[in-house]
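Those sequence lines, one after another, are chains L and H.
Going by our numbering, the first sequence wraps up at 398, each residue one higher than the last.
Going by our numbering, the second sequence wraps up at 398, each residue one higher than the last.
I should point out that these hints are in silico values taken from the structure, not numbers from a laboratory.
Be a bit skeptical, because a hint or two may be false.
As the list claims (entries may be wrong) - Footprint (simulated), chain H over chain L, 3 or more residues, beta carbon under 8 Å:
1) 155-161
2) 174-187
3) 199-211
4) 217-228
5) 248-259
6) 267-280
7) 368-374
What the hints assert, rightly or not - With a straight-line cut-off of 27 Å between C-alpha atoms, the simulated DSSO-like cross-links for lysine-lysine are:
8) H:K243 x H:K300
9) H:K328 x L:K23
10) L:K224 x H:K224
11) H:K328 x H:K71
12) H:K300 x H:K209
13) H:K209 x H:K224
14) H:K224 x L:K243
15) H:K23 x H:K11
16) L:K23 x L:K11
17) L:K209 x L:K224
18) H:K224 x H:K300
19) L:K243 x L:K300
20) H:K300 x L:K243
21) H:K300 x L:K209
22) L:K328 x L:K71
23) H:K328 x L:K224
24) L:K300 x L:K224
25) L:K300 x H:K11
26) L:K23 x H:K224
27) L:K209 x L:K300
Please read all numbers here as calculations on a predicted model, not as lab measurements.
Backbone N, C-alpha and C define an ideal beta-carbon position, used for all residues, glycine too.
There are 2 protein chains.
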Amino acid sequence: MPQIDATRLLKDLYAVREIGRYKTGVHRPTFSPQDVEARHWLVGRLREAGLDASIDGIGNVYGLDSRPGRKLLLGSHLETQNHAGWLDGVMGVIYGLEIARTLSGGIDVASWADEEGHFGSFIGSRSFCDLLTEQEIDDCHNRSSGQSLRDALHEAGFAGLPRRVIDPARYQGYIEAHIEQGQDLEDHHLRVGVVTAIVGSRRFRIDFKGQQNHAGTTRMAIRKDAGVALVKLVARIEEEFPKLAGPRTVWTTGDIRLDPGAPSIVPGAAELTFQFRDTDPMILDRLEACLNRLVSEAGKGPCSVEIAYRSETAPAAMDPGLRAALRKAADARAPGLHQEMPSGAGHDAQILSRRLPSAMLFVPSIGGISHHYTENTSDEDIVLGCQVMADACAALLG
Amino acid sequence: MPQIDATRLLKDLYAVREIGRYKTGVHRPTFSPQDVEARHWLVGRLREAGLDASIDGIGNVYGLDSRPGRKLLLGSHLETQNHAGWLDGVMGVIYGLEIARTLSGGIDVASWADEEGHFGSFIGSRSFCDLLTEQEIDDCHNRSSGQSLRDALHEAGFAGLPRRVIDPARYQGYIEAHIEQGQDLEDHHLRVGVVTAIVGSRRFRIDFKGQQNHAGTTRMAIRKDAGVALVKLVARIEEEFPKLAGPRTVWTTGDIRLDPGAPSIVPGAAELTFQFRDTDPMILDRLEACLNRLVSEAGKGPCSVEIAYRSETAPAAMDPGLRAALRKAADARAPGLHQEMPSGAGHDAQILSRRLPSAMLFVPSIGGISHHYTENTSDEDIVLGCQVMADACAALLG
Numbered sequence: 001m002p003q004i005d006a007t008r009l010l011k012d013l014y015a016v017r018e019i020g021r022y023k024t025g026v027h028r029p030t031f032s033p034q035d036v037e038a039r040h041w042l043v044g045r046l047r048e049a050g051l052d053a054s055i056d057g058i059g060n061v062y063g064l065d066s067r068p069g070r071k072l073l074l075g076s077h078l079e080t081q082n083h084a085g086w087l088d089g090v091m092g093v094i095y096g097l098e099i100a101r102t103l104s105g106g107i108d109v110a111s112w113a114d115e116e117g118h119f120g121s122f123i124g125s126r127s128f129c130d131l132l133t134e135q136e137i138d139d140c141h142n143r144s145s146g147q148s149l150r151d152a153l154h155e156a157g158f159a160g161l162p163r164r165v166i167d168p169a170r171y172q173g174y175i176e177a178h179i180e181q182g183q184d185l186e187d188h189h190l191r192v193g194v195v196t197a198i199v200g201s202r203r204f205r206i207d208f209k210g211q212q213n214h215a216g217t218t219r220m221a222i223r224k225d226a227g228v229a230l231v232k233l234v235a236r237i238e239e240e241f242p243k244l245a246g247p248r249t250v251w252t253t254g255d256i257r258l259d260p261g262a263p264s265i266v267p268g269a270a271e272l273t274f275q276f277r278d279t280d281p282m283i284l285d286r287l288e289a290c291l292n293r294l295v296s297e298a299g300k301g302p303c304s305v306e307i308a309y310r311s312e313t314a315p316a317a318m319d320p321g322l323r324a325a326l327r328k329a330a331d332a333r334a335p336g337l338h339q340e341m342p343s344g345a346g347h348d349a350q351i352l353s354r355r356l357p358s359a360m361l362f363v364p365s366i367g368g369i370s371h372h373y374t375e376n377t378s379d380e381d382i383v384l385g386c387q388v389m390a391d392a393c394a395a396l397l398g
Numbered sequence: 001m002p003q004i005d006a007t008r009l010l011k012d013l014y015a016v017r018e019i020g021r022y023k024t025g026v027h028r029p030t031f032s033p034q035d036v037e038a039r040h041w042l043v044g045r046l047r048e049a050g051l052d053a054s055i056d057g058i059g060n061v062y063g064l065d066s067r068p069g070r071k072l073l074l075g076s077h078l079e080t081q082n083h084a085g086w087l088d089g090v091m092g093v094i095y096g097l098e099i100a101r102t103l104s105g106g107i108d109v110a111s112w113a114d115e116e117g118h119f120g121s122f123i124g125s126r127s128f129c130d131l132l133t134e135q136e137i138d139d140c141h142n143r144s145s146g147q148s149l150r151d152a153l154h155e156a157g158f159a160g161l162p163r164r165v166i167d168p169a170r171y172q173g174y175i176e177a178h179i180e181q182g183q184d185l186e187d188h189h190l191r192v193g194v195v196t197a198i199v200g201s202r203r204f205r206i207d208f209k210g211q212q213n214h215a216g217t218t219r220m221a222i223r224k225d226a227g228v229a230l231v232k233l234v235a236r237i238e239e240e241f242p243k244l245a246g247p248r249t250v251w252t253t254g255d256i257r258l259d260p261g262a263p264s265i266v267p268g269a270a271e272l273t274f275q276f277r278d279t280d281p282m283i284l285d286r287l288e289a290c291l292n293r294l295v296s297e298a299g300k301g302p303c304s305v306e307i308a309y310r311s312e313t314a315p316a317a318m319d320p321g322l323r324a325a326l327r328k329a330a331d332a333r334a335p336g337l338h339q340e341m342p343s344g345a346g347h348d349a350q351i352l353s354r355r356l357p358s359a360m361l362f363v364p365s366i367g368g369i370s371h372h373y374t375e376n377t378s379d380e381d382i383v384l385g386c387q388v389m390a391d392a393c394a395a396l397l398g
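Make the full structure from the sequences, and use the hints.
Here is the structure:
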């Protein structure tokens, strides 16, 4: 059995944490100076590991094993959410590096650009999977600063480089390790999760139009209050969705905006940001049918209502063969302390799964916290997760 | 019977509209260059009318009749909301000017500073009624620009002037004419409203604290979703308030804010801006008791809830004698086309009523529109309202 070097693994994780450190976490948005520095740091570490390392025209970092034979592709992402945790993404990349160093060949490593969506939606992994057009790159802008993706790539020094595209024949599959970002493992005192499927999500924007009026002089009977119409729809969703949901379905009203949002004005317009997620497309379908029915009911009130898709991702099933290898390795290293589970969050593996057999391994998030600088996982769990993944890779590569 | 000069009245109203004109309305926020120009314009017109005109240290404009005898005080305000209507406030001031010109003495005219609340709450009329401290003036800032009231008064040239304070013995009472800002007169094909009382309002901010979490990985069962808690409270208010409301009670959720308000984050905090209004203090009391009960019920859910007063105004009853004079005059000039009605909006008359017998006369707002540049009233209704008020003043002054 291969044996990873726990000290080396943790030392590298600690080293990346210093690039853009914020309290106990990291602030390293996509293509910020810190993010670019981290990408170059990774190139150096991949080269030290004997891999053929480079950055491509979308900012993806690759470390390729130039020896013959089919490979496993391991990876995740280096950039972070704003003022976020030190392991989200990074851990999966450094697992790849450590496993490449541990095994005698067969491992390619990738760090996908902008999984965190500062500029777009999975642009790095979609570029590699030939699912990203030049037109879409033209259209992407930073969600905070408004900077165009083209400008950011230029500033980072990646503009003009070719974009690497997958050769599926090269790979047995793709495996991504990640922190759980929930507290299911912790609640059940488990140490490893093997992902069955990544949830699909459907995201909507629902707009209400009523009539803006003076909150003192407009009688209740003649109001067309867009805010109240919105509230009543959300309340109905909260009544109806539990009847149709599966055990892991989640739905979220992420934002509500009333226009003009002043204390003494009856809102004339209102906007709702809503999404739901599940691994089962049939559940997603029946929730969407229910949502459309409730929106239609809401439209019979004094306000008009319009629903629009913002985005949709299909559930992504993980590969049974890869999952079995991960389960077997977990059972050997942590008997009785692992489980199969869905991923409620999106990951690059959902993109890669459209081209390659794909799998994911989770380690526990302390308190379920993520996207916050207090995000953490115990060193013991970090090391165990990497060892389990190394064992599974060795077995798969035969 | 006195006869107002309709042409002169409308000419003055058209003239003020040009100071800060915006489309068919006006943009003349308190102490903007346009507002200061309008105040000086008014001083000139009051002097032409033979009144002793001046501006005081809070920006109020006065035109005082120096002849002996008890007076009626007529007024309203010259400044406007942003990009608002041409009559809101101005009409009542120009009515005062026209009636002073029409009657042979007995009329003082006032234009109160900042009824529209750019800096504070009724600071002009409260200053005149000796209800505004120097400390409060120190604390007031422009709600848009943040400029201090002291700075604004200095720039306007009013700093250092004495603030005039009411001598109640001088006056029989205060009468304010205003556009209705609702559509009750229009709906009932009426032309004049005599106000019975100005509604009291109670304004609240309600804060919800839950736990911010990832919208994909956090199971529904363990969520503490501050946004859902807020929505459920508003839905409960909409169920319960109609059972307790009077025929004219209004309640309004003016704003909702979710924190952080992102599509894929379970809101950890939420904030609700809520108010209700009625002329009956007992109705206000039972609505507040109901609100407190619903907030307390909401606090039994997964989120904590805190309710805080933002402000409160008491209902202000209008004086029966002044009302009777207005009714009698309306019946003579527009038989069957007037009604008594409450004012759903706040007005300077609610402040003056704490020192003097006070009354208000309403003219119809076309389509009920106010606080918008399309606000309007027909010239015929403008002229009729002024004539009715002039008749009532003549009768009261004997």
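Hint by hint, which ones does the structure fall short of? 1, 9, 10, 21, 23 and 25
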